[in-house]
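Visitor: Each residue of the sequence shown is one higher than the last, beginning at 1 in my numbering.
Just so you know, not all the hints are guaranteed correct.
[Unchecked claim] Keeping only pairs whose Cα atoms sit at most 20 Å apart, straight-line, the calculated PhoX-like set for lysine-lysine is:
1) K15 x K33
2) K31 x K15
3) K53 x K15
4) K31 x K20
5) K33 x K47
6) K31 x K47
7) K31 x K53
8) K33 x K53
9) K53 x K20
10) K47 x K20
[Stated by the list, open to error] Here are the simulated distance ranges between beta carbons:
11) A14 x F45: 13 to 23 Å
12) K33 x C6: 27 to 37 Å
13) A11 x S52: 12 to 22 Å
14) D34 x C6: 11 to 21 Å
Treat the hints as calculated values from the structure; they're not laboratory data. C-beta: ideal position from N, C-alpha, C; glycine also.
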Amino acid sequence: MNYPTCDTEWATSAKGNTWKRINGIGLVVGKRKDGRWWARRGDEFIKGSFTSKIQAMNAAEQGYDGENTTFNEHDSDWSDFYK
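The whole structure should be built from the sequences, with the hints applied where relevant.
Guide: Structure representation (structure tokens):
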């Protein structure tokens, strides 16, 4: 999904999903029935799932998948992970 509008901050949709737009690309994060989180970047779902909403949001922003990535919940800026 590409949109010609400006970037946004994270917001909650009417369906209860969390969304954001960066450089015209829609990012969406939602909770599965089993309690894990999914993420979508544009028209594609990110592979795997996440244990927290923050992980899913960050994966959507950075394009990382949920199967081969280890996140540290205590590192709020994720700077160590991206080095």
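Visitor: All hints are to be evaluated individually against the structure, with a verdict given for each.
Guide: Results for each hint:
no.	hint	in the structure
1	K15 x K33	holds (14 Å)
2	K31 x K15	holds (11 Å)
3	K53 x K15	holds (16 Å)
4	K31 x K20	holds (16 Å)
5	K33 x K47	holds (17 Å)
6	K31 x K47	holds (15 Å)
7	K31 x K53	holds (8 Å)
8	K33 x K53	holds (14 Å)
9	K53 x K20	holds (13 Å)
10	K47 x K20	holds (19 Å)
11	A14 x F45: 13 to 23 Å	holds (20 Å)
12	K33 x C6: 27 to 37 Å	holds (34 Å)
13	A11 x S52: 12 to 22 Å	holds (18 Å)
14	D34 x C6: 11 to 21 Å	violated (35 Å)
Of the hints listed earlier, the one the structure fails to meet is number 14.
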